[in-house]
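Undergrad: Got two chains here, separate frames each, mind docking them using the hints?
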Amino acid sequence: MYSKDGNSYFIVDGHTHFWDGSPANQINRYGEGFIKCFYDYHSNLSPEEYKWTLDHFERYSEEDMVHDLFEVGYDDVAILQSTYLMDWYVNGFNTTQQNGEMAERHPGRFIVNGRFDPRDGENGLAELERLHERWQLRGVKLYTAEWKGESKGWKLSDPWAYRYLEKCAELGIRNIHVHKGPTVYPMNRDAFDVADVDDAATAFPTLRFIVEHVGLPRLEDFCWIATQEPNVYGGLAVAMPFIHSRPRYFGQIIGELLYWMGEDRILFGSDYAIWQPKWLVERFVDFQIPADMQGEYGTISVNQKKKILGLNAARLYDIKVPGELDIVDGAGESGAIGSTPEPEAATA
Amino acid sequence: MTSRDAAWSALGQVRDPELDRPITELGFVADIVVKHGSAVRVELRLPTYFCAPNFAWLMVADARDALAARFDRVDVVLLEHFASDEINTGVAAVSDFAAVFPGDVTAVDAELVELRSVFERKAHTAAQERMARALVAAGVVSESLATLSWAAARETAPEAAAAVARRRDRLGICSTSAFCDDEGVALRPDTLPGWLRFAQTVRVSIEGNAGFCRGLLETRYGLARAG
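Quick note, the sequences are listed as chains A and B, same order. So for the first sequence, the numbering used here puts the first residue at 22; every next one is plus one. So for the second sequence, the numbering used here puts the first residue at 896; every next one is plus one.
Only chain B is shown next, with the shape it has when bound in the complex (with noise of 0.2 Å):
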């Protein structure tokens, strides 16, 4: 893997806490520069100028930490923001601390912490439902799902039961039951079809918003459109 390769990879752990997707794949990342095989310039982009500031800040954060793990020297300069300034200084002051203080970089700001949590939530919820959708699809009967195991919805549906995996390695949840709410308790067959009603809306709204973030970063910097 050359070094840019590895940079790419890195920054592909990187997600946007909202839209639940690697920023390299909404297209933040403008630009990649690795010289002596160990120190790298990162330049992020975002759709527009007045992007949610406490987003913006955890996905600098973020691509610093992911990169720092694998560079001596990293550089992330996120452009043309309202806020670039603040955070670009913000988060490379930080960063410098976080090296005392190694891998607690958002500790700084408990406001950003519990943003970023309620998000990881949410990413879990819309995990379920989509997993709640595939095991149907794989023919499991609706009123059963409340009862199956968690070892029953891995073997039934592997990919939207992994996706459901790395949400509950982000909330800290070890639940043998497929179905859970963010605590970790299992969900009854009684509440489970509400739960899962109200996770299709939240489903809805994250993926809403990818695709109309995707298309006015495309606007902004006149990208051919994605399919």
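Chain A extracted, bound-state conformation (with noise of 0.2 Å):
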């Protein structure tokens, strides 16, 4: 919870890891490569004082995140996406289990989610019930740039891809997060074209898909298809330190999303240990568009951050909210083009 000049904000941080990139966990230089990647987007994009060495930012501990996400942070829930990239590091990135390890030793505070693959057919299958049975999963992150011996990629709208999505749909996990974004790349194959989420989110209306990055570096296409399916939502994680070192770049991301979508799909995330949610929060919530771009994107009020950051996502994950940090009230206020997200009724 974070308070501010007599209002308070319930926080939901959408988008969390607990990694290995340490060298002893590298397989390869791929393995290498992505985890420096990660540090020049930290380093590049964090204040001075929030930033760490390599060495660190590579393996960080347990104590660490609590600390920096609960204690000092003012996260209420946060949500553990996990990223395998088996290819790249000897017991994966951040797999469900080592993610899920971890919260178990901190009741309450993380929602763990899981993933699956298309491409490791009905043993995989059998896996994602596995993995629901033990971990009651309410979402999963997808990489669908991810690579797999010689294939570099897949799409939502393959045909294996679909079995998935319906095991989901039939588990109950409804928050389906996909990576669509920047460091993960397929040879040769657009890794940005949101084109698939389009069709799946069509095909599965019960399913919720959460975009992440919200589609950056191709904002415009993720705004389209947000405005043409209701069950699209945007995250946060990788647009939100803008809000540092090029706000007003921050303005024109925040107005383009609440003009196309809306503010009630749209999810606060930290993507930490790349950012941190202490400054991010912060910084969101002193946030105003800048003077002379309100006459294009208007202004960003109390409760529309008040859903961003912690509101909307509770609705997704069936989060209680204590009564005081809630708002009553339905309707978004942006008048946006899209339509707003279902009633919760009507999918139940």
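Keep in mind that the hints were calculated from the coordinates and are not lab data. Small disclaimer: the values here were computed from a predicted structure and weren't measured. Glycine included, each C-beta is placed from N, C-alpha and C at the ideal position. Where hints are given, some of them may not hold.
As the list claims (entries may be wrong) - Partial pick of chain A residues on the chain B-facing surface, computed with a CB cut under 7 Å:
| id | residue |
| --- | --- |
| 1 | 47 |
| 2 | 54 |
| 3 | 58 |
| 4 | 61 |
| 5 | 64 |
| 6 | 65 |
| 7 | 69 |
| 8 | 238 |
| 9 | 240 |
| 10 | 244 |
| 11 | 270 |
| 12 | 277 |
TA: The structure is reproduced here in structure tokens:
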């Protein structure tokens, strides 16, 4: 919870990791390049006082994480996203098992999301069931550009991906986080193309598709599909830190998102440990669309910030929000182009 | 012009397809070495180890083509990228192939051609949005943009229109209207406002990415921060 100027905000951090990117866990130069690429993101966009050494960044402790998120940070609940990358890291980068074991030591603090890879075929379907049974999954994180042997990626619209999405719907795993954005690339094929999310969102109306990094660097393509599909959401991880280094650009991103999809489908995420939620939340609460851009984008209200910082994710993950932190407001204020999210009763 | 200047000037014609800016301006040219006036070796660098390999390929191939028009021997090397080996070897091999079938290096990969075309259309869209702003700033009423002629646009906002003209050339568009879609079909008064609003999102996206990539390049190579 974060309070400022008489307003209190319930914080759900929609995107966090507990990874091991240390040299001992790296299999090859791709594993090394991946964590170094993350580190450049961290160094480039963090305020000076939040920068770590590469060594610390490669592998931080459980104590670091709990401290940064819940002790000095304002997270009420954090969602752990799994990132396997088994071709690059001996034990995986951060598997559901590793995340889950840590989460169990801090009851009520973390939500553990699983993953699947449709290239695992029938065995993978059984594995998804086992993961669900063990961790009671409410969501999964998918990397469509993840390498696997000769394959450099897959699409959500592939027939096998549909089998897995059917399984998710059957098990009640409704929150499908899709990484469409920087850092994991297949050769040649366009890793940012969100057209497959559009197809899957239409085919599975009871699932929610949270496009991570709001489709950056293809914000426009993401906005376009979000106006068409009421069950498409935008995760702000990676977009958030621009609030420090390039606040005008951040104003444009948030302005565009509010214009096209409204404030009910935007979710805060720190992408910890790339960035820390403490400063992101402080800056976001202080943030306003720059005066000379308000003619175009309007302003962002306290209630809109409350929804983005936690209430929207709480709704998707059935997280109980203390009464005084909730807001009694149904429809969005922004009058966005896209349709509003489906009412819960219609899909429950 | 010295040979080195000639190389720099040739590389200035090569654009990052996604960011729609010259690689010289983006800081992607790490080194140029010219020998005997006729052989050139260029080193390129990108903001991250994992920058999209398809775009990296296009830039290396385009750089090679641009330099080949002025130098007898051309060597373009992409530094410190996860696919450096594949791209450097691939482009060099294809360029021999291209000597037999000149002018169409990327024809070997239809997907790359399609990808390039997607970004040329986006660049055209964003350039028209910038032109609309320039025209309004120059006194044109927004309601009359849809009926404005291309000639009038060039006269009223010459700089912004020149940027549109470059993108039109690349797409092979020839329209007498100031505003048209990427097929060259003029936009109508009822469709132009919505079209321009989406074009704004395209522009914000492209410009934002350019700034982000610039920042990452500075961090990666410890460069002085650009103003």
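Undergrad: The structure should be examined with respect to each hint, and the outcome stated for every one.
TA: Results for each hint:
no., hint, verdict
1, 47, "violated (13 Å)"
2, 54, "holds (4 Å)"
3, 58, "holds (5 Å)"
4, 61, "holds (5 Å)"
5, 64, "holds (5 Å)"
6, 65, "holds (4 Å)"
7, 69, "violated (13 Å)"
8, 238, "holds (4 Å)"
9, 240, "holds (4 Å)"
10, 244, "holds (6 Å)"
11, 270, "holds (5 Å)"
12, 277, "holds (5 Å)"
Consistency note: the structure conflicts with the earlier hints numbered 1 and 7.
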